[in-house]
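*Asks:* Line order of the protein sequences matches chains A and B. The numbering of the first sequence is UniProt numbering, which starts it at 1 and goes up by one. The numbering of the second sequence is UniProt numbering, which starts it at 1 and goes up by one.
Note that these hints are calculated values from the structure, not bench results. Using N, Cα and C, we set each Cβ at its ideal position, and we do this for glycine too. Treat each hint with caution, since some may be false.
[Said to hold, decoys possible] Okay, the calculated beta carbon distance ranges per label pair:
id: 1; chain 1: A; residue 1: Pro106; chain 2: B; residue 2: Arg5; range: 51 to 57 Å
id: 2; chain 1: B; residue 1: Asn212; chain 2: A; residue 2: Pro106; range: 24 to 30 Å
id: 3; chain 1: B; residue 1: Phe86; chain 2: A; residue 2: Arg119; range: 52 to 58 Å
[Stated by the list, open to error] A short list of chain A residues far from chain B (calculated; beta carbon distances all over 12 Å):
id: 4; residue: Thr2
id: 5; residue: Gln82
id: 6; residue: Ala85
id: 7; residue: Pro88
id: 8; residue: Leu100
id: 9; residue: Ala166
id: 10; residue: Phe229
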Amino acid sequence: MTALQLTDLNKSFGAVHVLKDINLTVEEGEFVVFVGPSGCGKSTLLRVIAGLEDATSGEIRIGASVVNDTPPAKRGIAMVFQSYALYPHLNVCENMSLALKQEKQPKAEIEARVAEASRMLSLDPYLDRRPAELSGGQRQRVAIGRAVVRQPQLFLFDEPLSNLDAALRMNTRLEIAKLHRQLEGSMIYVTHDQTEAMTLADKIVVLRDGRVEQVGSPMDLYNNPANRFVAEFLGSPSMNIVPATRLGGSDGEQVGIRPEYVHIGDAGALAGSVIHVEHLGGDTNVIVDIGEEAPFTVRLFGQFDIEAGATVQLGFDEAKTYRFDAAGSRLS
Amino acid sequence: MNKARQNPLNAVAAHGALILYTLIALFPVFVILINSFKTRKAIFREPLALPDADSFSMIGYETVMKQGDFFLYFQNSLIVTVVSLFFILLFGAMAAFALSEYRFRGNTLMGLYLALGIMIPIRIGTVAILDLMVQTGLVNTLMALILVYTAQGLPLAVFILSEFMRQVSEDLKNAGRIDGLSEYTIFFRLVLPLVRPAMATVAVFNMIPIWNDLWFPLILAPAEETKTLTLGSQVFIGQFVTDWNAVLSALSLAILPVMILYVIFSRQLIRGITSGAVK
Ligand SMILES: Nc1ncnc2c1ncn2[C@@H]1O[C@H](COP(=O)(O)OP(=O)(O)OP(=O)(O)O)[C@@H](O)[C@H]1O
Ligand SMILES: [Mg+2]
Numbered sequence: 001m002t003a004l005q006l007t008d009l010n011k012s013f014g015a016v017h018v019l020k021d022i023n024l025t026v027e028e029g030e031f032v033v034f035v036g037p038s039g040c041g042k043s044t045l046l047r048v049i050a051g052l053e054d055a056t057s058g059e060i061r062i063g064a065s066v067v068n069d070t071p072p073a074k075r076g077i078a079m080v081f082q083s084y085a086l087y088p089h090l091n092v093c094e095n096m097s098l099a100l101k102q103e104k105q106p107k108a109e110i111e112a113r114v115a116e117a118s119r120m121l122s123l124d125p126y127l128d129r130r131p132a133e134l135s136g137g138q139r140q141r142v143a144i145g146r147a148v149v150r151q152p153q154l155f156l157f158d159e160p161l162s163n164l165d166a167a168l169r170m171n172t173r174l175e176i177a178k179l180h181r182q183l184e185g186s187m188i189y190v191t192h193d194q195t196e197a198m199t200l201a202d203k204i205v206v207l208r209d210g211r212v213e214q215v216g217s218p219m220d221l222y223n224n225p226a227n228r229f230v231a232e233f234l235g236s237p238s239m240n241i242v243p244a245t246r247l248g249g250s251d252g253e254q255v256g257i258r259p260e261y262v263h264i265g266d267a268g269a270l271a272g273s274v275i276h277v278e279h280l281g282g283d284t285n286v287i288v289d290i291g292e293e294a295p296f297t298v299r300l301f302g303q304f305d306i307e308a309g310a311t312v313q314l315g316f317d318e319a320k321t322y323r324f325d326a327a328g329s330r331l332s
Numbered sequence: 001m002n003k004a005r006q007n008p009l010n011a012v013a014a015h016g017a018l019i020l021y022t023l024i025a026l027f028p029v030f031v032i033l034i035n036s037f038k039t040r041k042a043i044f045r046e047p048l049a050l051p052d053a054d055s056f057s058m059i060g061y062e063t064v065m066k067q068g069d070f071f072l073y074f075q076n077s078l079i080v081t082v083v084s085l086f087f088i089l090l091f092g093a094m095a096a097f098a099l100s101e102y103r104f105r106g107n108t109l110m111g112l113y114l115a116l117g118i119m120i121p122i123r124i125g126t127v128a129i130l131d132l133m134v135q136t137g138l139v140n141t142l143m144a145l146i147l148v149y150t151a152q153g154l155p156l157a158v159f160i161l162s163e164f165m166r167q168v169s170e171d172l173k174n175a176g177r178i179d180g181l182s183e184y185t186i187f188f189r190l191v192l193p194l195v196r197p198a199m200a201t202v203a204v205f206n207m208i209p210i211w212n213d214l215w216f217p218l219i220l221a222p223a224e225e226t227k228t229l230t231l232g233s234q235v236f237i238g239q240f241v242t243d244w245n246a247v248l249s250a251l252s253l254a255i256l257p258v259m260i261l262y263v264i265f266s267r268q269l270i271r272g273i274t275s276g277a278v279k
């Protein structure tokens, strides 16, 4: 069964057309990640799905029913916000149980669900505390717990980890992955973070300017980007783009080469001087000036002694390159 | 305060300035208080002396208690002030919430219209207001005063509160909506507690002018049973003789309730519970 289906969805704020003809299906139990540059409409799409904004046109179907005119609380969704949005005057337990009280669930059921969620998220020691007395990571776990207790058909996460530091982000990411396996609920997750997108997603939706650019599994998008935008957006460091004329191609076309598929040393198709070297321990990023506007990045696995200013030959496998036409569509 | 950031010289200077200001501000109140316990002669002979065995007298308070129905005036003032403040805060906050939260046609225009009252003094409309009160039969009722003061306080209240409500986290309100709270619950339970300091500010701004007002009680409700304290005290100020004992005693008594109200509101000013709601 499908958990969510969007058909020809449009959203405008007055004259500003933010979402354009979105068609999207989320299957039951699927983990879908929305990525895209800032301002492309990810949050707006999530808010339209949640019912916090009305769709200008198009149909939103959650489970079996069309929910265009259903208030947020009755859509069978739960949402986790970037800013946590906990109720400041309620303690952790009350924060998690408020929605259930609002639904007039029996008391025993509320207690059981809160206990279950608090066990899952290790919140037991904090149940009596106010949000002000919790750390950022704990607050975000409470916000996740508040979503879990509702047992929604669909979880919506809007950049839930972006306020956390790197270590905590990794922990919470693992926790969300674990939660997804345990709950078997469908989840939609908005993020800026490549790693989150690649590691969590069953399916990634790349958005640009309110349009869906490509939908597919993480490896699908990485190996088979439909256009230059998707190719450059996924992968870190991002793909090198070189005018095709440099490699014997036709005018206007471009060739994309991922930094990890380039090797240094043997006589290659391209050459240039090293501008800067980033030593990351596990890998080394070499940034090379090949005479184009954008610098060329090479990712080497392991540690290498390369001096800035050195002249290097860049070799790569022709089969591992991507060709795009002038408009950015993939040719091969 | 953090010890490392504290410079003792700065602290002394700051406290010195604040203490000086407090003394200056409290001096007139102090003079009124001590003189209200003195005989008429003593008031004029040595206005700054403390009352002693010779000059001590309760005559002012006795006059106040005997003359007219002072407790009734008191009660009237209190009712008018408290009820007006309640309506100003309630309707002001509701209007501010609507203006800051909902997108509707004419939203900005409505906000400007409501703010217009800040610039135009309500007293300009006194004649029209009196006419209106006469026609609706509200002359000589406390209701007349309450309505006028509510109208007078609303513009600033809406202006200040809508500014504060815009700052309340959008996510928090949306979380409430997703959890099934009604718009009223979101307003009363989530938003109002977070703008409490602003509400207290509005209350303090409005309280004193209402309590002290002489103009509207004199025009709209001069009857004996609706007199406010300020109006009631005027009987002691004659064209030729002024009963200073009584005036000072009445003023001393009038300070008390505002002070109590002020203490209540100012505690809200200081207390903030916003921390921890959002990052
Ligand atoms: N209430 C609104 N009125 C007018 N325009 C809006 C409104 N809300 C959002 N927009 C516009 O819609 C576009 C998409 O905004 P949205 O918040 O969905 O971006 P986003 O993809 O979530 O960005 P980010 O990654 O920075 O969070 C932006 O250009 C924004 O200016
Ligand atoms: Mg966003």
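*Asks:* 24 to 30 Å was suggested as the range; check whether the CB atoms of asparagine 212/B and proline 106/A agree with it.
*Replies:* violated, 56 Å
*Asks:* Lying within 51 to 57 Å: is that true of the beta-carbon distance proline 106/A to arginine 5/B?
*Replies:* Given about 53 Å between the Cβ atoms, the range holds.
*Asks:* Regarding phenylalanine 86/B and arginine 119/A, is the given constraint of 52 to 58 Å on their beta-carbon distance met?
*Replies:* With Cβ atoms ~46 Å apart, the hint is violated.
*Asks:* Quick check for students: does the CB of phenylalanine 229/A sit more than 12 Å from each CB in chain B?
*Replies:* Holds, because the least Cβ-Cβ distance between phenylalanine 229/A and chain B comes to about 29 Å, which exceeds 12 Å.
*Asks:* A cut-off of 12 Å on Cβ-Cβ distance, and proline 88/A was said to be off the interface with chain B. Does that hold?
*Replies:* violated, 4 Å
*Asks:* Grab the minimum beta-carbon distance between threonine 2/A and chain B and tell me whether it stays above 12 Å.
*Replies:* Its Cβ never comes within 12 Å of chain B, the nearest being 21 Å, so this holds.
*Asks:* Beyond 12 Å from every chain B Cβ: check whether that's true for glutamine 82/A.
*Replies:* Check fails; 7 Å does not lie beyond 12 Å.
*Asks:* Measuring Cβ to Cβ, find out whether leucine 100/A lies farther than 12 Å from everything in chain B.
*Replies:* violated, 9 Å
*Asks:* At 12 Å, judged by beta carbons, does alanine 166/A keep clear of chain B as stated?
*Replies:* holds, 16 Å
*Asks:* Would the non-interface assignment of alanine 85/A survive a Cβ cutoff of 12 Å against chain B?
*Replies:* Since the minimum Cβ distance to chain B is about 4 Å, alanine 85/A lies within 12 Å and the statement is violated.
Of the numbered hints listed earlier, those contradicted by the structure are 2, 3, 5, 6, 7 and 8.
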